[in-house]
Amino acid sequence: MDFTELSLAQAARMLRDGEISSLELTRACLQRIHQFDEKQHAFLALRPEAALDEARHADRRLTTARGEGQAPGPLLGVPLAVKDVVCVAGLPCTCGSRILEGFTPPFDATGVARLRAAGAIVVGKTNTDEFAMGSSTENSAYGPTHNPWDASRVPGGSSGGSAAAVAARMVPAALGTDTGGSVRQPASFCGVTGIKPSYGRVSRYGLVAYGSSLDCLGALARTVEDTALLLGIIAGHDPLDSTTLEQPVPDYLQSLTGDPDLHGVRVGVPREYFIAGIQPEVERAVHQAVQVLATLGAEVREVSLPHTEYALPVYYLIAPAEASANLARYDGMRYGPRRTAPDLWQTYAATRGELFGAEVKRRIMLGTYALSAGYYEAYYAQAQKVRTLIREDFERAFGQVDLIACPVAPTTAFRLGENTSDPLAMYLEDVFTLPANLAGIPGLALPCGFDSQRLPIGMQLNGPPLSEALLLRAGWGYQQSTRWHLEAPVL
Amino acid sequence: MALTREEVEHIAHLALLNLTADEAARYREQLEAVLEYAARLQAVDTSSIHPTTSVLAPLSVTRADEPRASLAPEEVLRQAPDRARGMFRVPPVFD
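For the record, the sequence lines run as chains D and B.
Heads up: the first sequence is residues 16 to 506, going by the numbering used here.
Heads up: the second sequence is residues 137 to 231, going by the numbering used here.
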């Protein structure tokens, strides 16, 4: 049996039933990482010995649970990976930056702690654009990740390491983060499934802050069922994150049973998302995917999100403004390396100037400018007002439809280096994903085809706040009827 | 949206970022391009629109003011590039 082909849910089930052991599964994942990660560079840190120890321990607990007729943790013995902007106790957390080189957090993020409490084994940390700022993982200070479908192309970003690791069958699932599309766009580029939950649904405690009014912890896996399983574990109120909601977490897996029937579900297709510049193969594949939803009984109609064209400039003022404040803490005093200069202020500026990468400095500069005296009203305050109009577009649309279906990104994976010299061209990759962050609504990315170069194409489903159960049900119905998510790259 | 070299240097100073002359020149061009793109927001009438600072309803969250376990000081200090006598050691603030 090829253990690395198992989905997360399959692996968890087979572990519980004693059909496979955590040691064989974890060893198979580590071996695949060992074999292919020199080429893919999905990982920044690994803990093979500790993971194997935990696997042996999990096997003992699984045996005990079976003997006593008890249900073990839902993920007991399953290996996972975590994006390197999320803290795992005892593992380095660099955020893809030299300014955090050598930093080892002494605590787990709440999402990580909940996965571990459910029995999951963290095998390592995955590559990311520096501080999650980027759409290609090329902004990592530790070198880019390569797309498993074509090593000359980017995996998307910023959770490119997580997406590539899942697509390359190195782990069945991984945590990612999504501030403007950083779970969904790499999921699309790598042909895997990714969910960005509603703002407030999942704790960000232990997630290194980038844009605090936008950041979400999310999950990447190979099936909708797997993302539902993960979301059910990481979601919910956390006293350590005052932005988490008190609302109870539904049983997401419960909504993925029975016939994949979508009668009574109204799906809107926003006309503003099919714009000039979108790759024709992407447009065709997404329209075909919407037809599949219609075949399952969904009622499809056109909707309008008239302020869509403003989402990109709004995001690229608000996110850098928040980033410029959040990243003020990196000054070489409490963690990370220091570049010593004659006095304190020069030491700060030397440390930050030398150890932040080009894109991070660009966004700090942009954000500082947008917040500075004389420009605050025209840029930052105006962006926050237009953000309200973007939210209201979605509120109006969700008065007419239950879900919105659209492309994840305007293109398939581009070549390494293709967009690095033009920041604006790179930012345009996020044009269909960042509205969901601005509005705080959930988004699910699903594989829905390939282009003529055999690069994956993704469809995105969006819903109103806290509509994850319906989003997952529609995505699950789609995957029950199609086979795109089962395709695997040849490494 | 024209940016002067002095403005770029001023922003870098506010952000506490040492930039090389090359970086300053490059950022001047790139920030100009992004700000020019962002200028389209000025065309939107927002005179009666409230800003969104968070998508969540405004809510002050408090917790009980009770002592509880925290990270050990030595564990926290272990991460610092320079430390002495249970404290972070930093370059002089004043001469």
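Quick caveat, the hints were computed from the structure, so don't treat them as lab data.
Remember, it's a predicted structure, so these values are computed and weren't measured experimentally.
In this text, a Cβ means the ideal position worked out from N, Cα and C, and glycines have one as well.
Be aware that a few hints might be false.
[Claimed, not checked] Here are a few chain D residues that face chain B, going by a calculated C-beta distance under 7 Å:
| # | residue |
| --- | --- |
| 1 | G251 |
| 2 | L255 |
| 3 | S257 |
| 4 | G273 |
| 5 | D358 |
| 6 | Y363 |
| 7 | L370 |
| 8 | L381 |
| 9 | Y391 |
| 10 | P438 |
| 11 | M441 |
| 12 | L443 |
Okay, the hints, checked on the actual structure:
Hint status for G251 (chain D) relative to chain B: violated, with the closest Cβ pair at about 15 Å, above 7 Å. Given the 7 Å rule on beta carbons, the hint for L255 (chain D) is violated: about 9 Å separates it from the nearest Cβ of chain B. Satisfaction of the interface hint for S257 (chain D) is found here, the shortest Cβ-Cβ separation to chain B being roughly 4 Å, below the 7 Å cut-off. A least Cβ separation of about 32 Å between G273 (chain D) and chain B goes past the 7 Å threshold, and the interface hint is therefore violated.
At its closest, the beta carbon of D358 (chain D) sits 6 Å from a beta carbon of chain B; the interface hint therefore holds under the 7 Å criterion. Taking 7 Å as the C-beta contact cut-off toward chain B, the hint placing Y363 (chain D) at the interface holds, the least distance being around 5 Å. The criterion of a C-beta within 7 Å of any C-beta in chain B is not met by L370 (chain D), whose closest approach is roughly 10 Å, and the hint is violated. Taking 7 Å as the C-beta contact cut-off toward chain B, the hint placing L381 (chain D) at the interface holds, the least distance being around 6 Å.
Because the smallest distance between the Cβ of Y391 (chain D) and any Cβ of chain B comes to about 11 Å, over 7 Å, the interface hint for this residue is violated. Given the 7 Å rule on beta carbons, the hint for P438 (chain D) holds: about 5 Å separates it from the nearest Cβ of chain B. For M441 (chain D), the interface hint is violated, since its Cβ never comes within 7 Å of a Cβ in chain B; the closest pair sits about 11 Å apart. Taking 7 Å as the C-beta cut-off, the interface hint given for L443 (chain D) is violated, the closest approach to chain B being about 10 Å.
Against the hints set out earlier in the document, violations occur for numbers 1, 2, 4, 7, 9, 11 and 12.
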